[in-house]
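J.: Single-letter residue listing:
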Amino acid sequence: MTNIEDIFQDRIKRLNAGESLAQCQEGLPPEDADLLALIAQMQTIEPPVRHAHTVAQQRATVMRLATNKKKDSFIMNVSNLWQKLTAQPKLVGGLAVLALICFFALFNFRGQEAPNSTELAADPTPPAAVTNNTSATNPTTNQTVTTNDQTTELVATLPEGLFLPLIAASIATNPQKALLQNAQGWVEVQDNNGSWSLVTHNSYVYEGQTIRTGPLSTANILFHDGSHATLKAQSELTLSTLNVRLPRDGYRQLVLTQNKGVTTHNVAFRNDGGSQYQVNTPSGSGVARGTEFQVALKDNEKTRFVVTEGRVDVSNANKTVSVVAGQTTEMTTNNPPADPYFTITGQGEVTAINESDWVVAGQTFVITDDTTIDGDPQVGDIVYVEGHLLPDGTAVADSIALVVAPPANQFTLTGEAEAIDTAEWQVAGQTILTNADTEIDDDIETGDLVRVTGLIQEDGSLLATSIEEYEANDTYPFEFTGIVQTIDTDSWLISGVEISVDDETEIEGGILAGDTVAVEGNILEDGRWLATEISLVEADTATFEITGELDSMDPWQVAGLPFEITDWTTYPDDLELGELVVVTGRILSDGTWVADSIERIEDGLLEIVFVGTVDSVDPWLVNTLPLTTDENSDIAEGIEVGDLVRVKVRIETDGSWLILEMTLLSNEDEDNNCVTITAVVTNILNDEIVLSNGTTIPLDEWLDVEGDLQVGSVVAIIACVNEDGTITIERIIVIYNPPPTPEDPDDDDDNPGTPDGGTVTICHKPGTPAEKTMTLPQSALNGHLGHGDTMGACP
Amino acid sequence: MLDSDETNLILAAKQGDAQAIGHLYDRYHQQIFRFVWSRVGNQQLAEDITGEVFVRMVQYLPKYNLNGKPFHAWLYKISRNLITDMYRHRSNHSIQPLTTTQHLDTQKDTLDNIVNQKLTLETVHEALDCIDPKQKEALQLRFLADLSLKESAELMDCSVGALKSLQHRGLKALRAALHATKLGLKEIDVV
Numbered sequence: 001m002t003n004i005e006d007i008f009q010d011r012i013k014r015l016n017a018g019e020s021l022a023q024c025q026e027g028l029p030p031e032d033a034d035l036l037a038l039i040a041q042m043q044t045i046e047p048p049v050r051h052a053h054t055v056a057q058q059r060a061t062v063m064r065l066a067t068n069k070k071k072d073s074f075i076m077n078v079s080n081l082w083q084k085l086t087a088q089p090k091l092v093g094g095l096a097v098l099a100l101i102c103f104f105a106l107f108n109f110r111g112q113e114a115p116n117s118t119e120l121a122a123d124p125t126p127p128a129a130v131t132n133n134t135s136a137t138n139p140t141t142n143q144t145v146t147t148n149d150q151t152t153e154l155v156a157t158l159p160e161g162l163f164l165p166l167i168a169a170s171i172a173t174n175p176q177k178a179l180l181q182n183a184q185g186w187v188e189v190q191d192n193n194g195s196w197s198l199v200t201h202n203s204y205v206y207e208g209q210t211i212r213t214g215p216l217s218t219a220n221i222l223f224h225d226g227s228h229a230t231l232k233a234q235s236e237l238t239l240s241t242l243n244v245r246l247p248r249d250g251y252r253q254l255v256l257t258q259n260k261g262v263t264t265h266n267v268a269f270r271n272d273g274g275s276q277y278q279v280n281t282p283s284g285s286g287v288a289r290g291t292e293f294q295v296a297l298k299d300n301e302k303t304r305f306v307v308t309e310g311r312v313d314v315s316n317a318n319k320t321v322s323v324v325a326g327q328t329t330e331m332t333t334n335n336p337p338a339d340p341y342f343t344i345t346g347q348g349e350v351t352a353i354n355e356s357d358w359v360v361a362g363q364t365f366v367i368t369d370d371t372t373i374d375g376d377p378q379v380g381d382i383v384y385v386e387g388h389l390l391p392d393g394t395a396v397a398d399s400i401a402l403v404v405a406p407p408a409n410q411f412t413l414t415g416e417a418e419a420i421d422t423a424e425w426q427v428a429g430q431t432i433l434t435n436a437d438t439e440i441d442d443d444i445e446t447g448d449l450v451r452v453t454g455l456i457q458e459d460g461s462l463l464a465t466s467i468e469e470y471e472a473n474d475t476y477p478f479e480f481t482g483i484v485q486t487i488d489t490d491s492w493l494i495s496g497v498e499i500s501v502d503d504e505t506e507i508e509g510g511i512l513a514g515d516t517v518a519v520e521g522n523i524l525e526d527g528r529w530l531a532t533e534i535s536l537v538e539a540d541t542a543t544f545e546i547t548g549e550l551d552s553m554d555p556w557q558v559a560g561l562p563f564e565i566t567d568w569t570t571y572p573d574d575l576e577l578g579e580l581v582v583v584t585g586r587i588l589s590d591g592t593w594v595a596d597s598i599e600r601i602e603d604g605l606l607e608i609v610f611v612g613t614v615d616s617v618d619p620w621l622v623n624t625l626p627l628t629t630d631e632n633s634d635i636a637e638g639i640e641v642g643d644l645v646r647v648k649v650r651i652e653t654d655g656s657w658l659i660l661e662m663t664l665l666s667n668e669d670e671d672n673n674c675v676t677i678t679a680v681v682t683n684i685l686n687d688e689i690v691l692s693n694g695t696t697i698p699l700d701e702w703l704d705v706e707g708d709l710q711v712g713s714v715v716a717i718i719a720c721v722n723e724d725g726t727i728t729i730e731r732i733i734v735i736y737n738p739p740p741t742p743e744d745p746d747d748d749d750d751n752p753g754t755p756d757g758g759t760v761t762i763c764h765k766p767g768t769p770a771e772k773t774m775t776l777p778q779s780a781l782n783g784h785l786g787h788g789d790t791m792g793a794c795p
Numbered sequence: 796m797l798d799s800d801e802t803n804l805i806l807a808a809k810q811g812d813a814q815a816i817g818h819l820y821d822r823y824h825q826q827i828f829r830f831v832w833s834r835v836g837n838q839q840l841a842e843d844i845t846g847e848v849f850v851r852m853v854q855y856l857p858k859y860n861l862n863g864k865p866f867h868a869w870l871y872k873i874s875r876n877l878i879t880d881m882y883r884h885r886s887n888h889s890i891q892p893l894t895t896t897q898h899l900d901t902q903k904d905t906l907d908n909i910v911n912q913k914l915t916l917e918t919v920h921e922a923l924d925c926i927d928p929k930q931k932e933a934l935q936l937r938f939l940a941d942l943s944l945k946e947s948a949e950l951m952d953c954s955v956g957a958l959k960s961l962q963h964r965g966l967k968a969l970r971a972a973l974h975a976t977k978l979g980l981k982e983i984d985v986v
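Here the protein sequences come in this chain order: A and B.
For the first sequence, my numbering begins at 1 and goes up steadily by one.
For the second sequence, my numbering begins at 796 and goes up steadily by one.
It should be emphasised that the hints constitute simulated quantities derived from the structure, not laboratory data.
Treat the numbers as computed from the prediction; the structure is a model and nothing was measured.
Heads up, the beta-carbon is just placed ideally off N, CA and C, and yes, glycines get one too.
Hints are not guaranteed to be accurate.
Pairwise CB distance ranges, derived in the manner of DEER restraints [to be verified]:
(1) Pro698(A) - Gln810(B): 21 to 27 angstroms
(2) Ala807(B) - Leu625(A): 52 to 58 angstroms
(3) Gln810(B) - Gly273(A): 52 to 58 angstroms
(4) Pro857(B) - Thr431(A): 50 to 56 angstroms
Residues from chain B that face chain A, not an exhaustive set, calculated with beta carbons under 10 angstroms [to be verified]:
(5) Gly811
(6) Ala813
(7) Ala841
(8) Met852
(9) Asn876
(10) Lys967
Stretches of chain A that chain B covers, calculated by requiring three or more beta carbons in the stretch to come under 8 angstroms of a beta carbon on chain B [stated by the list, open to error]:
(11) 35–47
(12) 57–66
The whole structure should be built from the sequences, with the hints applied where relevant.
T.: The following block contains the structure:
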């Protein structure tokens, strides 16, 4: 031992070998003795014990994957795709952290089609008499309501010490009175005399009453102790017994009878041993435990339990199964519940659509009659999958939903139109280019406030895709699709939103309550939503876009409208309450409003993110662009000339580019053997990319690719020279992606598809009955080539 | 250097032998879990990433070079890449991996244990977040993941000497950071 560092390392070894800390510290300088004590402390932190079922499940998964891989040569293509996907952080980014989000998310078993005939089951102690009294405009028409002696009970009680309370405080409810809230779409309550009343505002519901929802509709029932149940679209729930006492007052007695559809339940913690939260369904019986679970009833005979927190013991036909969080079980009338199976969820590219299965991100999902498919996804699309694993490891898809990925390199700019010319506008100091495809509102004049959306082109210029007149500060635009609930002279209720109409509102003829409509208008300064147009639409085109102040982020609410976000919702991390935002999204078939994106609106200001090389520091020059700073500019330490940096700038009204944030991507000084090369990608094959100079770079698991790599991408390649003289590509950073090229309607379809940086024409499934010519975004090309599609139109 | 058992196992696994894959999983899953957990500090997240590591192991095995990195180092590298990806893109909200979601039976752990363990881990992670990222990684690999100097150095693509230096400076910085955390300081200047 010749130096203190070696001695210190030796002491660490001795510590690891089991010698006491005091012995190991002997003779060390006090500071090093302290550090050794710190190491000893750190080493006392043991990792948590892995649960046997988790380990077994993972082992089975990888073994099954190996078996599939060996059996099916087609999977080789999938493997390549998987590699491609995993090399593209934008496509697979977030990985396990989002899986964690997913882990805690409510597994949403999507609503099933309403049967033409539905039986209302009755408890052995039936609720108030129920008759069918559906109005002509009611979307839940044609129901036959009878009683059913086969109704059995599902009792949800909470084991001691397992969960924390969900909602501690009660509101203006009492044990015998619950609050029906957040009713969106068509929601009705059946009175004791059997007639149905439309619910338009929060209202109280009582024992014996039945609540039902129509298409695209949802409602929530809040009970006195904070427990709550949510009805998804086309669902029906009866409050059979309602006596929800608080812990200090006694037991909770709550019996719900689910007659159809999908409901979710959040049950407040009780450790009194006598409280129950009971759900009846017409098919099966059992005792459930848990704080969060979903009950789905299909065709009045099949019940599915999805447990998202805690544990549910489900039993029927003399068999009981314990369903833990993340598991699902199903049962049919007079049959025992199936063994619970784990749920599998995730998102990825569809690489194959077969008659009996789909392949998504390398995983094969079996499709059954119960699988719901939303949004007509095609090969090459990104989808969100929810499914379950059978005991033999087979993954079965319960639902597949198309995910709409937001386009890259977009900008939004709100400001004064300072100059208007045929091909070029000046807005808030920025030059905005237009072309024949730019949608421009009529009657915009110089001086008007406009909102511009568009694409940042390769040369940095801004090409507008739309220019809309924008009413600053006093009104904000909205548009959405919803269910008409009530129609009055100057006010309509549409999916829970009160919409004002006036003489200028264009209203399509023949609209009745219960119809699905598209509404456009403005949110006025006084908070009213004034419609400019209301028109009939098909229910499957339910989308919305609203502009307004961000009222709340937990739960999310803008301009008074509550909505949900999902794992794929994009929004700035630093949003603050009160900021003006544009929310776009979809209204799901279960009535939930889900945001796809939330964007901040900053009047007159434009933010751009780009990657470049530092030419000068103070004053800052990046890629020859002069940049300014202010006291809020967040610039990483140690950036020097020659470094590759990512810069977020705001273009000020005087045209200057103000640095908001600058981060270091690579530092050439860090390793003198590394260089950064800029190149253009001319082709992407399954496992390699081709650059404009003909160089090919293999894409493997060691290579970091940052950004959405596409044909036409301008990339920075960080290459390092190894000791043996070989060159290793360490990293590829996408600096810029070309905007998608709009399809030219005059294009000859017979032209073979060639990479043009935007779209490409291929022959899909050549030689099969499904053969057809498709035009795709470049980003979807590899997925198609991977399963045998060919370039160019079909012969 | 791989022992002959392991070499045979890997060769079989490269041919798609599911049993061999299972044995490799048995051999390495605890190490990988510990490594991932040391980096992310969260059991469920560590479980998810560990599962994904072995999925990728199966997918990439055909390309694994027996004469290249040791197998465990190769797995660590896959894990490290996954964790890096996760942190790089955790704010994008754009995608999530396919994963089997499994939940813990929390009845098996007392609340006190969970809280105490979490607090300790949180404190360390909080302090580690205040120090230089390379020093942080060196400490995580050495004292939380329990890797040797050589293994840690290989994984961080640096020499053992450089790793020792990172480790020593990192310990000093961590001590200062822990002290600052105890004092409730939000930002510290660690020399």
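J.: Look at each hint and say if it fits the structure.
T.: To see whether the hints hold, each was checked on the structure:
Between Pro698(A) and Gln810(B) the Cβ separation comes to about 23 angstroms, which falls inside the hinted range of 21 to 27 angstroms. With their beta carbons about 56 angstroms apart, Ala807(B) and Leu625(A) fall inside the hinted range of 52 to 58 angstroms. Distance hint check for Gln810(B) and Gly273(A): the Cβ-Cβ separation is about 57 angstroms, which falls inside the suggested range of 52 to 58 angstroms. Between Pro857(B) and Thr431(A) the C-beta distance comes to about 52 angstroms, which sits within the given range of 50 to 56 angstroms.
Look at Gly811(B): its Cβ gets to within about 3 angstroms of chain A, closer than 10 angstroms, so that hint holds up. Annotation: interface hint on Ala813(B) holds; nearest CB of chain A at approximately 4 angstroms, less than 10 angstroms. Annotation: interface hint on Ala841(B) holds; nearest CB of chain A at approximately 8 angstroms, less than 10 angstroms. Given the 10 angstroms rule on beta carbons, the hint for Met852(B) holds: about 7 angstroms separates it from the nearest Cβ of chain A.
Proximity of Asn876(B) to chain A holds as hinted, the smallest CB-CB distance being about 7 angstroms (cut-off 10 angstroms). Hint status for Lys967(B) relative to chain A: holds, with the closest Cβ pair at about 7 angstroms, below 10 angstroms. For the segment 35–47 of chain A, the stated coverage by chain B holds: 7 residues have a C-beta nearer than 8 angstroms to a C-beta of that chain, and at least 3 were required. Counting residues of the segment 57–66 of chain A whose C-beta lies closer than 8 angstroms to any C-beta of chain B gives 9; at least three are required, and the coverage claim holds.
Of the numbered hints listed earlier, not one is contradicted by the structure.
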